[in-house]
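Enquirer: Residue strings, one per chain:
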Amino acid sequence: MYKIITIILLTCCGFSLMALQGKDNIDKKIQQVSKNSIYQSTLDCKHPLSTGSFQYCNFKLHKKDNLVKNTQIFMSGGMPGHDHGLPTLPQISWSENEQIYVIKGLKFSMPGKWILNFKINASEVADKDMISMAVTVN
Amino acid sequence: MSKSVITLVLIIFSVFTNAQNWSDKEISTLQKFSLKALKPSVDTSNKYHDNQQAIAFGKALFFDKRLSSDGKISCSSCHDDKYAFTDNRKLAFGTRQGFRNTSTLLNVGSQDWFFADGAKDSLWSQALSSIENPAEQNFTRTELLHLIFEDVNYRNVYQRIVKKELTKEEIENLPEKAGPNSSLENLIAWKKLDKEQRQQINTVFTNAGKAIAAYVATIKSSESRFDNFVDELADKKTSTLLNDSEQRGLKLFMSKESGCANCHSGPLFSNKTFHDISTGIPGKDNGRSEVIESIIRDEFNCLGKYSDAKPEECDELKYINRDKHQLTGSYKTSTLRNIIDTAPYMHDGRFETLYEVINHYLEKSQEKPKKNDLTPIELNKEQQLDLVNFLLTL
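Read top to bottom, the protein sequences are chains A and B.
Taking this note's numbering, I'd label the letters of the first sequence as residues 1 to 138.
Taking this note's numbering, I'd label the letters of the second sequence as residues 1 to 394.
Careful: at least some of the hints might be erroneous.
[Said to hold, decoys possible] Which residues of chain A face chain B? A partial, calculated answer using Cβ under 7 Å:
1. Phe-54
2. Asp-83
3. His-84
4. Gly-85
5. Pro-87
6. Thr-88
7. Gly-105
8. Ser-109
9. Met-110
[To be verified] Derived pair list, reagent style DSBU-like, types lysine-lysine, alpha-carbon separation capped at 35 Å:
10. A/Lys-104 to B/Lys-65
11. B/Lys-65 to B/Lys-82
12. A/Lys-104 to B/Lys-47
13. A/Lys-46 to B/Lys-220
[Stated by the list, open to error] Example chain A residues on the side facing chain B (calculated, C-beta under 8 Å, incomplete):
14. Asn-66
15. Pro-80
16. Pro-111
Since the hints were made in silico from the structure, they are not lab data.
Ideal placement from N, C-alpha and C gives every residue a C-beta, glycine not left out.
This is chain A alone, in the form it adopts within the complex:
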């Protein structure tokens, strides 16, 4: 009898802990190497990525540990699970003052997995590359 009670109590505790824990799977800073391994990139956002409001993020690009400055980058993205793109058309540009690429106009409409694509349109053909970054939005 006591064995059964113990099992029931342990089961209840287990369920309760599972319910209370709740994994906060949110992204704020993500690093990613480019498709042809030319660049290392870091997306750094002020707050964990969330839906509904504009996100304040910047982007760093390195090539063999050297900061890549003022190159042309095109940004796009979408939600593969739902087959739709970003709700806005974000712009990424080099900030001389901050020595970083600033992203403006980035917004997410739904929670879940999104892909952000950064097309590095460097002047040298050999330096052109693509970065695809998977991010989780809460």
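Place chain B on chain A using the hints.
Expert: Coordinates of chain B only, in the frame set by chain A:
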């Protein structure tokens, strides 16, 4: 002994069962959907947004049937407070039948885009569009200007709000009817005006629209049974303010299984953006993709000369999605609040009941090849009933 132990076990079990039903994380998520989480509406493009005189003036204009070509239609003719500021018609009927279902105005001040396709980026430019639309109020810009000037009460309150006098000299030479979105005759009359005159008319026209918008932004829904449930849940971790079926429906609504809360999120139960759920009619009604260019060129948009916003306050417009291919067949996610009073549903009022709406999602989400933003949804009859019961608590 065994009786008291069993009772104790049952009590503990019941407590833990409740904890699992609505965990702290779930309650915290539900609070984000509560009306209490709705931030006060802000419209930097409208300097009269919080002006009490403008709100009163806007309210008078909202209910004034003289703002129509036949003197029978006002904003309130379609946005009737008896029906949660809709008209309960399949399609709006102003001076003639339109092609869209009338959206509720409840909490509309908190939206980013207006009309089902988001053709306008402010509440005031939306109001002006309806005043001019030949199927809605069919009123011209100069008619509105003459009306405000000739009605002494309107003229006085207008002058107090804008702190500028409307003079007879400004008005007397203007044609009775002239506007760019009207009949050919009225368009010709509009084109004959010089640039300065058109700007002067537009200024009065937009100020009237801003007053209407200031009033409309005050139209808000009261707390629903869902909001009261969330309050009690946050306080006591349990609540019976929603019955079992409604709570199951809420759980289902928030789940990945239904996917409802992906888009119907936040206190408006809308993510305020545009999705393709296969309600567009290719070649006839393509939704958002058809209005992108006109929004960008609109003289009454956030970046236009009649807007009071600084350019940096127009991010929604500056970073507008221009991908017409992606936006084809997309419409704004409807708010689900007060849904019991806002039938029929969808941008063209095609569904009379919520069961028809759910059936649409079940059917279209299974389509292969995939043609919309939906992921597969499967709900049995009991789940559908629970979902509808929950929606009616909003």
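Enquirer: The structure should be examined with respect to each hint, and the outcome stated for every one.
Expert: Now for the hints, and whether the structure bears them out:
1. A distance limit of 7 Å between C-beta atoms decides the matter here; for A/Phe-54 the minimum to chain B is near 6 Å, and the interface restraint holds.
2. Among the interface hints, the one on A/Asp-83 holds; its C-beta lies about 6 Å from the nearest C-beta in chain B, closer than the 7 Å criterion.
3. Interface restraint check for A/His-84: the shortest CB-CB distance to chain B comes to about 5 Å, inside 7 Å, so the restraint holds.
4. Nearest Cβ of chain B to the Cβ of A/Gly-85: about 5 Å, under the 7 Å cut. The hint holds.
5. With 7 Å as the threshold, the beta carbon of A/Pro-87 comes within range of chain B, its nearest partner Cβ sitting at about 4 Å, so the hint holds.
6. Because the beta carbon of A/Thr-88 sits about 4 Å from the nearest beta carbon in chain B, less than 7 Å, this interface hint is met.
7. With a least beta-carbon distance of about 3 Å to chain B, the hint placing A/Gly-105 at the interface is held under the 7 Å criterion.
8. Because the beta carbon of A/Ser-109 sits about 4 Å from the nearest beta carbon in chain B, less than 7 Å, this interface hint is met.
9. The closest approach between the C-beta of A/Met-110 and any C-beta of chain B is roughly 5 Å, which is under the 7 Å cut-off, so the hint is satisfied.
10. For the given pair, A/Lys-104 sits about 44 Å from B/Lys-65 by alpha-carbon distance, which is inconsistent with the 35 Å threshold.
11. Our distance criterion of 35 Å between C-alpha atoms is met by B/Lys-65 and B/Lys-82, whose separation comes to about 18 Å.
12. Among the hinted pairs, A/Lys-104 with B/Lys-47 is consistent with the structure: their alpha-carbon atoms are about 26 Å apart, no more than 35 Å.
13. At roughly 32 Å between alpha-carbon atoms, A/Lys-46 and B/Lys-220 fall within 35 Å of each other, so this suggested pair holds.
14. The beta carbon of A/Asn-66 comes no nearer than 31 Å to any beta carbon in chain B, farther than 8 Å, and the hint placing it at the interface is violated.
15. A cut of 8 Å between beta carbons decides the hint on A/Pro-80: the least distance to chain B is about 11 Å, and the hint is violated.
16. Given the 8 Å rule on beta carbons, the hint for A/Pro-111 holds: about 7 Å separates it from the nearest Cβ of chain B.
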